[in-house]
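A.B. asks: Sequence:
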Amino acid sequence: MTFLNVPYAEKDEARALGARWNPGRKRWYVPTGVALEPFQKWLKEGASTGRTDSAAAKLMVGANYVELDHACNPFEPCAECAKALAGTPWEQARAALSRR
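Mapping to this note's numbering: the sequence shown position 21 is 21, numbers consecutive.
Source of the hints: derived by calculation from the structure; they are not laboratory data. Take these hints with a grain of salt, some might be off.
[As the list claims (entries may be wrong)] Pairs of lysine-lysine, DSSO-like flavour, derived with a Cα cap of 27 Å:
(1) K41 / K26
(2) K26 / K11
(3) K41 / K11
(4) K26 / K83
Turn these sequences into a full structure, and let the hints guide you.
C.D. replies: What follows is the structure, given as structure tokens:
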């Protein structure tokens, strides 16, 4: 699964090429086994991650945003995510929410 940076205005084009929507990550992706060549314009190297406000075309991320390499629920135990989230402000925010 390869995640894409697809603006809202181009979602139908990405879907027509075979991209799929990941509701958990709120991002479009290319399924494993599908050629990436048609998706090059959404595979920008070094591009920022996060959501784009389609009206203002500005990247939107929360103060505690951490990009994860796979689609899991960061509120549930995951050994792979634990490494990425360790010591981040996101982990502290999650702990604060868990105490409520």
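A.B. asks: Would you mind marking each hint as holding or not holding in the structure?
C.D. replies: Right, here's what the structure says about each hint:
no.	hint	result
1	K41 / K26	holds, 19 Å
2	K26 / K11	holds, 12 Å
3	K41 / K11	holds, 13 Å
4	K26 / K83	holds, 22 Å
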